[in-house]
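> Chain by chain, the residues run as shown.
Number of protein chains: 2
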Amino acid sequence: MKLLDGKKTSGAIKDEIAVVVSEMQKNKQKPPHLAAILVGTDGASMTYVGAKVKACEFVGFESTLIDLPANTTEEILLKEIDKLNNDTNIDGFIVQLPLPKHIDEQKVLKAIDPDKDVDGFHPTNVGRMTLDLPCFLPATPYGILELLERYEIETSGKDVVVMGRSHIVGRPMSILMSQKRKAGNATVTLVHSRTKDLAAYTQKADIIVVAIGISEFLKGNMVKEGVVIIDVGITRVPDATKKNGFRLAGDVEFSSVSPKASFITPVPGGVGPMTIAMLLKNTLLARQRRQVK
Amino acid sequence: MKLLDGKKTSGAIKDEIAVVVSEMQKNKQKPPHLAAILVGTDGASMTYVGAKVKACEFVGFESTLIDLPANTTEEILLKEIDKLNNDTNIDGFIVQLPLPKHIDEQKVLKAIDPDKDVDGFHPTNVGRMTLDLPCFLPATPYGILELLERYEIETSGKDVVVMGRSHIVGRPMSILMSQKRKAGNATVTLVHSRTKDLAAYTQKADIIVVAIGISEFLKGNMVKEGVVIIDVGITRVPDATKKNGFRLAGDVEFSSVSPKASFITPVPGGVGPMTIAMLLKNTLLARQRRQVK
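If you're matching them up, the sequences are chains B and D in order.
Residue numbers for the first sequence follow our numbering, so the first one is 1 and each next one is one higher.
Residue numbers for the second sequence follow our numbering, so the first one is 1001 and each next one is one higher.
There's no promise every hint is true.
Residues of chain D clear of chain B, computed beta-carbon distances all greater than 12 Å [stated by the list, open to error]:
| no. | residue |
| --- | --- |
| 1 | Gly1060 |
| 2 | Ile1066 |
| 3 | Pro1069 |
| 4 | Glu1080 |
| 5 | Leu1109 |
| 6 | Lys1110 |
| 7 | Thr1155 |
| 8 | Arg1171 |
| 9 | Ser1178 |
| 10 | Gln1179 |
| 11 | Arg1236 |
With a cut-off of at most 16 Å between alpha-carbon atoms, the simulated EDC-like pairs for lysine to aspartate or glutamate come out as follows [to be verified]:
| no. | chain 1 | residue 1 | chain 2 | residue 2 |
| --- | --- | --- | --- | --- |
| 12 | D | Lys1110 | D | Glu1074 |
| 13 | D | Lys1110 | B | Glu154 |
| 14 | D | Lys1196 | B | Glu154 |
| 15 | B | Lys110 | D | Asp1115 |
| 16 | B | Lys107 | D | Glu1074 |
The set of hints was computed from the structure by calculation and includes no laboratory data.
Cβ atoms here follow ideal geometry from the backbone N, Cα and C, with glycine treated the same way.
Take the sequences, apply the hints, and build the full model.
This is how it looks when you write it as structure tokens:
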């Protein structure tokens, strides 16, 4: 069993991006500039946005954090988005989700200029992904493809089971891995809450991507010897042996699955750290595309 | 074995649309108006467009055929599209594919206003489909969903194998049938040219949608008893017993598969006739949405 080390891999990607940025600076070019809009003071959201800003600093990007109060109206948020769409200084930007309940998330995502939508959530980017056209891939699926590639895991013709049909992980993952691409050309089955006899699918799978949000759901008796496991889940599980009273667990029962796996992502330190690295990659890509125009 | 009669079903759908249109006319409302752009004189394309115009007449739609010579430049075609985008008389329009080789198909499809894109090929519509948001569904997958619904074929929790990953049939079919919807909630596997041990997938499938463009590829020994078969293929196969020297065949070997099937689409007369009916449904939908605005 070998760990798919997302922390190390994301570090390598960030180093590569930093090299490109320092080249840009040598050539007197402005570095890429990412903006993030945060509405409200949700703790997790503040942590995520903070980590993104810090990652920008690390690779030499410029970053702007637009911090709006929780009672911001949809109208004002849409005006901020419009400003960023038209600000030639900004290469890409994100609106940190979830948004307060009085704001229509789809309306907000739709307002972002697809050419600056480095989260890849705009319908036009999702459509371009589905049609296998150049686009910004959503960060989590993009990070998983990158992990599979860098660990040279063969996917062509393999039996892949994607568990969970969310718009940001399961669905795009199932589409991407069956396309003609690196880390693609797989035979993909998308399983979900309505699937009957789930184990019949997972037991024959060569690669399983688990993104269902139920801690330690996938157990050792549900997988075959040599399986590759990508665990997207991360939840707090009560644990009396820990000082703070909990530990972080994935959607996979690591103790029973890892002995049978050829490769497996740890939680934490697997898929999670890849996400921010891929957001930076998308921002660099946005910058480079603007340059070409 | 029961035939999924696309000819009869599409006739019923057209009758339903005609009723809605005559209600509109009673209320002094303009009927829906579909425009079609045809570039060049390709025989099959002319036949298809002709059938679409005829179907419009049948249900009481207005229709406009814009017939451009084969040497039309991309620039002129884009200007025609722009005109239709801005013509308040036109509810929806299509550009008949394929286009002459000197024209960039993606550029043309992207130029169509997504709100008038009744073929559902614009990236924004494809993205909205993938995200399960209101959109125009592409006609062939839409027609298959409608057939499954009207014949009350249970899909929830069923093992569905979609054969072929084309942008206009296989890919959207695989997405739609695994979404939470009527004729959805299935466990879908998308198989394609790189799939290993194809029969292992097809032999356990409850429903198989075949869209690979290889005549009579799926044989009786590749399916289980009671399977539901949707055959999207249609090709001419040499046949000395026929006057014109050929017969029409699907991607399924009807003689060996139909005795095992619970339901099966004939070729011709299955999926084919549904396509135009769904284009009309999309045009009616475009008209109704514009009314709301």
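> Compare the structure with each hint and give your call.
Hints, one by one, checked against the model:
{"no.": "1", "hint": "Gly1060", "verdict": "holds (32 Å)"}
{"no.": "2", "hint": "Ile1066", "verdict": "holds (25 Å)"}
{"no.": "3", "hint": "Pro1069", "verdict": "holds (29 Å)"}
{"no.": "4", "hint": "Glu1080", "verdict": "holds (23 Å)"}
{"no.": "5", "hint": "Leu1109", "verdict": "violated (9 Å)"}
{"no.": "6", "hint": "Lys1110", "verdict": "violated (9 Å)"}
{"no.": "7", "hint": "Thr1155", "verdict": "violated (10 Å)"}
{"no.": "8", "hint": "Arg1171", "verdict": "violated (7 Å)"}
{"no.": "9", "hint": "Ser1178", "verdict": "violated (5 Å)"}
{"no.": "10", "hint": "Gln1179", "verdict": "violated (7 Å)"}
{"no.": "11", "hint": "Arg1236", "verdict": "holds (28 Å)"}
{"no.": "12", "hint": "D:Lys1110 <-> D:Glu1074", "verdict": "holds (13 Å)"}
{"no.": "13", "hint": "D:Lys1110 <-> B:Glu154", "verdict": "violated (34 Å)"}
{"no.": "14", "hint": "D:Lys1196 <-> B:Glu154", "verdict": "holds (13 Å)"}
{"no.": "15", "hint": "B:Lys110 <-> D:Asp1115", "verdict": "holds (14 Å)"}
{"no.": "16", "hint": "B:Lys107 <-> D:Glu1074", "verdict": "violated (33 Å)"}
The structure is inconsistent with the numbered hints 5, 6, 7, 8, 9, 10, 13, 16, although it conforms to all the rest.
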